[in-house]
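Throw the hints in and build the complete structure from the sequences for me.
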Amino acid sequence: MTVRRTFEDLVAEGAAVPTEGWDFSWFEGRATEARPSWGYAMSVAARLGRASAVLDIQTGGGEVLDFALAKAPKRPPLAVATEGWPPNVAKATALLRPRGVPVVASPEDAPLPFADGAFDLVVSRHPVRPHWEQIARVLQPSGTYFAQHVGPASVFELVEHFLGPQPDGVRGGRHPERERADAEAAGLEVVDLRAERLRMEFHDIGAVVHFLRKVVWMVPGFTVEAYEPQLRALHERIQTDGPFVAHSTRHLFEARKPGGPSAPPA
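Okay, so the sequence shown: first residue is 1 according to my numbering, each after it adds one.
A portion of the hints provided could be inaccurate.
Stated by the list, open to error - What follows is a set of in silico ranges between Cβ atoms, one per label pair, in the way DEER data are often shown: (1) P111 with D23: 24 to 32 Å; (2) V245 with P165: 12 to 20 Å; (3) D168 with P73: 42 to 50 Å; (4) R75 with E8: 47 to 55 Å.
By construction, these hints were calculated from the structure, which means they are not laboratory data.
Note that the structure is predicted; figures quoted are calculated from it, not measured.
Beta carbons: idealized from backbone N, C-alpha and C, even for Gly.
Here is the structure:
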């Protein structure tokens, strides 16, 4: 007979799991998220084989870049990563140093600490906010920005359970067409822009707690104590109705800096 775990036990477990990096393996069997059809990490790996100088912005724990470097047909002569959160800087450094990739501690909202035109490929997975002027500045002519962004109203079924209905201005943030306009205003040419809405399921309240602790911008200032009534209500809902369903939004963004020779086909 399956024994249901208590609310207190599940919440305590979700609150105790370390949150550094972007390794989501702890969620196996407890939460699921469909993946975009374009296969971002493998696409990055293919591009690394054609690049000479690569920058990974907001690398997290370095997991995506590490995977891409392992799969790349050829290593780029130069690869550098930035990260702003100190625990992630340490984790990314430990992971990427053996691959010869330095991790530069740089706050998310600070100018990129690199010279103009230093890179022919800039990549990023789920940046908090793309700083288009800085991206355009560090790209060399004909260089490419290739990234997977979080889209508008991502996982808002969960967000609004805790925060209530959000205004249209908040729900429409991170809209891909707005980002297209911002990239073009910075002087970049948008080569490809694709968006998908993907199903997520949370199978227990511990997974919800860990997710909100890890993805801190979903419910800013989240703590178990501050949101205990909402957590209890959601726990009862999952116990009665089954997994809580939400939807993430993602878009693939590829932009090119004009000038120089034409970029090779993807």
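These are the hints, each one checked on the structure:
1. In this structure the supplied range 24 to 32 Å holds for P111 paired with D23, their Cβ-Cβ distance being about 29 Å.
2. Take V245 and P165: their Cβ atoms lie about 18 Å apart, and the range 12 to 20 Å holds.
3. Against the hinted window of 42 to 50 Å, the Cβ-Cβ separation of D168 and P73 comes to about 45 Å, which satisfies the hint.
4. The hinted range of 47 to 55 Å is satisfied by R75 and E8, whose Cβ atoms lie roughly 49 Å apart.
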